[in-house]
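Protein chains in written order, with numbering that gives the first Met the number 0: chain A, 0 to 288; chain B, 0 to 406.
It is worth saying that the hints were derived from the structure and are not from the lab.
Treat the hints with caution; some may be incorrect.
[Said to hold, decoys possible] Result set (DSBU-like, lysine-lysine): computed pairs, CA atoms no more than 30 Å apart in a straight line:
id: 1; chain 1: B; residue 1: 91; chain 2: B; residue 2: 69
id: 2; chain 1: A; residue 1: 159; chain 2: B; residue 2: 249
id: 3; chain 1: B; residue 1: 254; chain 2: A; residue 2: 194
id: 4; chain 1: A; residue 1: 262; chain 2: B; residue 2: 393
id: 5; chain 1: A; residue 1: 159; chain 2: B; residue 2: 243
id: 6; chain 1: A; residue 1: 32; chain 2: B; residue 2: 333
id: 7; chain 1: B; residue 1: 107; chain 2: B; residue 2: 249
id: 8; chain 1: A; residue 1: 115; chain 2: A; residue 2: 164
id: 9; chain 1: B; residue 1: 173; chain 2: A; residue 2: 231
id: 10; chain 1: A; residue 1: 262; chain 2: B; residue 2: 355
id: 11; chain 1: A; residue 1: 115; chain 2: A; residue 2: 52
id: 12; chain 1: B; residue 1: 249; chain 2: A; residue 2: 194
id: 13; chain 1: A; residue 1: 52; chain 2: B; residue 2: 249
id: 14; chain 1: B; residue 1: 158; chain 2: A; residue 2: 262
id: 15; chain 1: A; residue 1: 52; chain 2: A; residue 2: 225
id: 16; chain 1: B; residue 1: 260; chain 2: A; residue 2: 194
id: 17; chain 1: B; residue 1: 333; chain 2: A; residue 2: 164
id: 18; chain 1: A; residue 1: 164; chain 2: B; residue 2: 251
id: 19; chain 1: A; residue 1: 262; chain 2: B; residue 2: 333
id: 20; chain 1: A; residue 1: 194; chain 2: B; residue 2: 333
id: 21; chain 1: B; residue 1: 51; chain 2: A; residue 2: 253
id: 22; chain 1: A; residue 1: 115; chain 2: A; residue 2: 231
id: 23; chain 1: B; residue 1: 69; chain 2: B; residue 2: 254
id: 24; chain 1: B; residue 1: 91; chain 2: B; residue 2: 225
id: 25; chain 1: B; residue 1: 173; chain 2: A; residue 2: 237
id: 26; chain 1: A; residue 1: 52; chain 2: B; residue 2: 254
id: 27; chain 1: B; residue 1: 278; chain 2: A; residue 2: 194
id: 28; chain 1: B; residue 1: 319; chain 2: B; residue 2: 286
id: 29; chain 1: B; residue 1: 113; chain 2: B; residue 2: 15
id: 30; chain 1: B; residue 1: 389; chain 2: B; residue 2: 286
id: 31; chain 1: B; residue 1: 393; chain 2: A; residue 2: 280
id: 32; chain 1: B; residue 1: 91; chain 2: B; residue 2: 229
id: 33; chain 1: A; residue 1: 32; chain 2: B; residue 2: 278
id: 34; chain 1: A; residue 1: 280; chain 2: B; residue 2: 319
id: 35; chain 1: B; residue 1: 268; chain 2: A; residue 2: 270
id: 36; chain 1: A; residue 1: 164; chain 2: B; residue 2: 319
id: 37; chain 1: A; residue 1: 115; chain 2: A; residue 2: 159
id: 38; chain 1: A; residue 1: 237; chain 2: B; residue 2: 204
id: 39; chain 1: B; residue 1: 91; chain 2: A; residue 2: 159
id: 40; chain 1: A; residue 1: 253; chain 2: B; residue 2: 333
These numbers were taken from a predicted model, which means no experiment stands behind them.
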Amino acid sequence: MLNVGVIIKLEPDFSEGNVSYNSDGTLNRAETKNILGPHSAIACNAAFYCKVKYGARISIGTMGPPIAESALKQAQVLTDAEELNLYSDRLFAGADTLATAEVLRNGVEKMFGADKMDIVFSGHRASDGETGQTGPQTAWKLGYTFLGNVMDFDIDLDRKVVVAKRLISLQGMDTIVEEIESPLPVFITIDPSYKSAFSTVSQRLGANKYSKEGRIKSENYAQFLKTFDSQKLDLDPKLVGLPGSPTIVYRVEKIPRAKTNRKTAIIDPSKPDNLTPVITKITEIARGK
Amino acid sequence: MSNSTNQEIGAKKEEKYRNIYVIIEHFEGQVVPVSLEMLGEARRLMDDFNQKYQLREKVVAVLLGSNVRKLCDELVTYGADAVIYANHDELKYPRNDIDTRVIVQISKDAKITKEIEPEYAGTFVKPRYMFFAADNIGRHLSSTVLAELESGLASDINKLVISDLDIRHEHKTKGQSVRYEKILEMYRPDFSGFLWTTILCLDNKNPEIQREYHPQGCSIIPGAFKPMEKDNSRNGTIIEYFPKIDQEPKIKIIKRSVIEKTIDYETCKIVVSMGRGIKDNPEQNIKLIEEFAELLGAEIGITLPLSKKPYQISQSMDSKYMIPDRVIGTSGSKIAPTLYVAIGLSGAVQHIAGMKESEIVISINIDENSPIVNESDIFIKGRMEDVIPKLVDKIKDQMQAISVRST
Chain A
0 MLNVGVIIKL EPDFSEGNVS YNSDGTLNRA ETKNILGPHS AIACNAAFYC
50 KVKYGARISI GTMGPPIAES ALKQAQVLTD AEELNLYSDR LFAGADTLAT
100 AEVLRNGVEK MFGADKMDIV FSGHRASDGE TGQTGPQTAW KLGYTFLGNV
150 MDFDIDLDRK VVVAKRLISL QGMDTIVEEI ESPLPVFITI DPSYKSAFST
200 VSQRLGANKY SKEGRIKSEN YAQFLKTFDS QKLDLDPKLV GLPGSPTIVY
250 RVEKIPRAKT NRKTAIIDPS KPDNLTPVIT KITEIARGK
Chain B
0 MSNSTNQEIG AKKEEKYRNI YVIIEHFEGQ VVPVSLEMLG EARRLMDDFN
50 QKYQLREKVV AVLLGSNVRK LCDELVTYGA DAVIYANHDE LKYPRNDIDT
100 RVIVQISKDA KITKEIEPEY AGTFVKPRYM FFAADNIGRH LSSTVLAELE
150 SGLASDINKL VISDLDIRHE HKTKGQSVRY EKILEMYRPD FSGFLWTTIL
200 CLDNKNPEIQ REYHPQGCSI IPGAFKPMEK DNSRNGTIIE YFPKIDQEPK
250 IKIIKRSVIE KTIDYETCKI VVSMGRGIKD NPEQNIKLIE EFAELLGAEI
300 GITLPLSKKP YQISQSMDSK YMIPDRVIGT SGSKIAPTLY VAIGLSGAVQ
350 HIAGMKESEI VISINIDENS PIVNESDIFI KGRMEDVIPK LVDKIKDQMQ
400 AISVRST
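In isolation and in its complexed conformation, chain A is listed as follows:
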């Protein structure tokens, strides 16, 4: 049995119609809905692929306040997960990535009754924090091999290795796709370009079946939910939350605009001559002048 974990996050929903901004352009958190983060959803898709293709069982974990349950529920719809874990304690509040990784490590170690995990997935980065550090730091603390920017993967169950393709794109250099191999357990952060593909009829049938089951399970997601506080996770309070965070947010300020506001010329295109200067400008730039 392949044990697959997924670390997810409840994030503000940045889609049109759901996101709300204050008049100064900052996010209005109170008015903005929260959803399972889009990169977390991609990590869920990767776990679901393991279920369909390799019969994996799936455990989902998240650190957050009690409302983060809703993200676990959404993740269960996507994965047909057998287990949902909420790591929630007021002591965890204000954690930076290192203190978050401390909680998540112990959380992963307790998945499926502290069974050995084979693969843990997480998203590429959160759409609000956007650090991309929590995944690799959790991996390091777990002692799992970390693979980042994974676009595609398969598992060789006999050899207990994962074969993956990852993207390396460095400033001003050619983009590289690297094919790599690593023994399990691994911690994978999934690249946004990942797409799970079910190539055979039986896989497609399996995907349909598990999707349906996932939807049904999520109706009663509370049955699958385990909640852990710092004690249940055997955590040292000095290593979590604010006390366990090396970094603090010292100051938040508006970024001064790099350029003064543009002076906008408004053009009515119904009179053809009005467009002439625009056309000249565009042509000049297109020709490299």
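With chain A held as given, fit chain B onto it using these hints.
Chain B only, in chain A's frame:
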């Protein structure tokens, strides 16, 4: 007498954490530009630091690879005082597991300090500051290195200041005001592109949870800083490090292949972007925009909502354009072309954050009140279906006229 003892104790503590370590990236025998940018910023910070505090701390470049000795001199000319390089076949390509171990070894190795600054060899514990690139490699490497060194890290930084700060913090100082010296203020723009958050990595001086957090680490956005002008007269210490690679790296690289960049906003002079304004006839409008972009030699971008594939269009168009790789904005690419043409997009905050550095912005939209208007140099008030064909026709004429004249 007691005074001098105190000074000595003070100085000893200073000597535990020293220097800025800059983790260098290279590719096919070339140093990645962001590494030179980081060295430039480290040089500027260190020059000010040494003057202000009357110290002689160093900019130390750390370079892993195979056959990388030849890159060391270049790093000195771009600002490094010392280069520590590790040559090993296993280090040929970046791999998180082994690279993390070697960088941690180097960071904690006081013997190297002996070669850089012998007077501190006995006291050196770890670097004071550490810089990584905020890219596919450095983002993860910084995370694992700082996890192993058990210290703090801020990502995606575009401004750095070193200062002394009076901090009052519930946990760090138990609510007391405490002076922290030589603190790296790390500025990172947030997801909206409107706010700057300053992150500090601070020792816990609260007596109940006392703990030292060094190095103060960060990952730096490529393009955020300028490299210093190459100075061939600079001298630096170049030291070979022999890493202890006692376990075989878990990650095996089977194959590396260059993929053609399908979308390259970095080198593109003109970017034409579309938003939900294409909705009346998406397929037809995308064709119009394609024709327009092709005429200008422009790359095509989209807004975030389009990446959610809201329209029923042909599979080929859908997979070519309605993809996250084309999103311009905080959740996609931040670009700065010479000309940005915004078609049928209103200019949501997260979109503007990705294109506001464009030199010239032309927008086409029916809504005079949409936020994109203020971000435009030229706003053409009209339907894209009417405006684009006119532009295409006239630009074709002008292009032809110019090419006729020049032949």
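Against the structure, the hints come out as follows:
A distance of roughly 14 Å separates the Cα atoms of residue 91 (chain B) and residue 69 (chain B); the hinted pair therefore holds under the 30 Å criterion. For a cut-off of 30 Å, the pair hint linking residue 159 (chain A) to residue 249 (chain B) stands: about 12 Å separates their Cα positions. For the hint linking residue 254 (chain B) to residue 194 (chain A), the alpha-carbon distance of about 21 Å falls within 30 Å, and the restraint holds. The suggested pairing of residue 262 (chain A) with residue 393 (chain B) holds, with an alpha-carbon distance near 25 Å, which does not exceed 30 Å.
A hinted pair counts as satisfied when its Cα atoms are at most 30 Å apart, and residue 159 (chain A) with residue 243 (chain B) qualifies at roughly 27 Å. With a C-alpha separation of about 25 Å, the suggested pairing of residue 32 (chain A) with residue 333 (chain B) holds against the 30 Å cut-off. Simply put, residue 107 (chain B) and residue 249 (chain B) have alpha-carbon atoms about 23 Å apart, close enough for the 30 Å limit, and the pair holds. Between the alpha carbons of residue 115 (chain A) and residue 164 (chain A) the distance comes to roughly 24 Å, so the proposed pair stays at or under 30 Å and holds.
Between residue 173 (chain B) and residue 231 (chain A), the direct Cα distance comes to roughly 27 Å. Compliance with the 30 Å bound is thereby established for this hinted pair. Our distance criterion of 30 Å between C-alpha atoms is met by residue 262 (chain A) and residue 355 (chain B), whose separation comes to about 14 Å. Between residue 115 (chain A) and residue 52 (chain A) the alpha-carbon distance is near 20 Å, which keeps this suggested pair within the 30 Å criterion. A distance of roughly 25 Å separates the Cα atoms of residue 249 (chain B) and residue 194 (chain A); the hinted pair therefore holds under the 30 Å criterion.
Distance check on the hinted pair: residue 52 (chain A) and residue 249 (chain B) sit about 24 Å apart at the alpha-carbon level, within 30 Å; holds. Pair hint residue 158 (chain B) plus residue 262 (chain A) holds up; C-alpha atoms about 28 Å apart against a cutoff of 30 Å. Note on residue 52 (chain A) and residue 225 (chain A): the hinted pairing holds, with a Cα-Cα distance of about 26 Å set against a maximum of 30 Å. Of the pairs offered as hints, the one joining residue 260 (chain B) and residue 194 (chain A) holds, with about 19 Å between alpha carbons and a cut-off of 30 Å not exceeded.
Taking the CA atoms of residue 333 (chain B) and residue 164 (chain A), the gap is near 25 Å; set against the 30 Å cutoff, the hint holds. Using a Cα cut-off of 30 Å, the hinted pair residue 164 (chain A) and residue 251 (chain B) holds, with the two alpha carbons roughly 12 Å apart. Proximity of residue 262 (chain A) to residue 333 (chain B) is assessed by CA-CA distance (about 22 Å); at most 30 Å being required, the pair is judged to hold. Taking the CA atoms of residue 194 (chain A) and residue 333 (chain B), the gap is about 24 Å. The hint holds against a cut of 30 Å.
With a C-alpha separation of about 28 Å, the suggested pair residue 51 (chain B) and residue 253 (chain A) falls inside the 30 Å cut-off, and the hint holds. Restraint check for residue 115 (chain A) and residue 231 (chain A): the C-alpha separation of about 18 Å stays at or below 30 Å, so the hint holds. For the hint pairing residue 69 (chain B) with residue 254 (chain B), the CA-to-CA distance comes to about 25 Å; that is within 30 Å, so the pair holds. Restraint check for residue 91 (chain B) and residue 225 (chain B): the C-alpha separation of about 27 Å stays at or below 30 Å, so the hint holds.
Restraint check for residue 173 (chain B) and residue 237 (chain A): satisfied, since their Cα atoms lie roughly 13 Å apart, inside the 30 Å limit. Of the supplied pair hints, the one linking residue 52 (chain A) and residue 254 (chain B) holds, its CA atoms being roughly 24 Å apart against a limit of 30 Å. The suggested pairing of residue 278 (chain B) with residue 194 (chain A) holds, with an alpha-carbon distance near 26 Å, which does not exceed 30 Å. Distance restraint check for residue 319 (chain B) and residue 286 (chain B): the Cα-Cα separation of roughly 12 Å lies within the 30 Å cut-off, and the hinted pair is therefore satisfied.
Simply put, residue 113 (chain B) and residue 15 (chain B) have alpha-carbon atoms about 13 Å apart, close enough for the 30 Å limit, and the pair holds. The suggested pairing of residue 389 (chain B) with residue 286 (chain B) holds, with an alpha-carbon distance near 15 Å, which does not exceed 30 Å. For a cut-off of 30 Å, the pair hint linking residue 393 (chain B) to residue 280 (chain A) stands: about 12 Å separates their Cα positions. Proximity of residue 91 (chain B) to residue 229 (chain B) is assessed by CA-CA distance (about 26 Å); at most 30 Å being required, the pair is judged to hold.
A C-alpha spacing of about 25 Å is found between residue 32 (chain A) and residue 278 (chain B), which places the hinted pair at or below 30 Å, so the restraint holds. Taken as a hint, the residue 280 (chain A) and residue 319 (chain B) pair is honoured in the structure, with Cα atoms around 29 Å apart against an allowance of 30 Å. A distance of roughly 29 Å separates the Cα atoms of residue 268 (chain B) and residue 270 (chain A); the hinted pair therefore holds under the 30 Å criterion. For the hint pairing residue 164 (chain A) with residue 319 (chain B), the CA-to-CA distance comes to about 21 Å; that is within 30 Å, so the pair holds.
A distance of roughly 13 Å separates the Cα atoms of residue 115 (chain A) and residue 159 (chain A); the hinted pair therefore holds under the 30 Å criterion. Among the hinted pairs, residue 237 (chain A) with residue 204 (chain B) is consistent with the structure: their alpha-carbon atoms are about 13 Å apart, no more than 30 Å. In summary, the hint linking residue 91 (chain B) to residue 159 (chain A) is supported, as the alpha carbons are separated by about 26 Å, within the 30 Å threshold. For the hint linking residue 253 (chain A) to residue 333 (chain B), the alpha-carbon distance of about 18 Å falls within 30 Å, and the restraint holds.
The earlier numbered hints are all upheld by this structure, with none contradicted.
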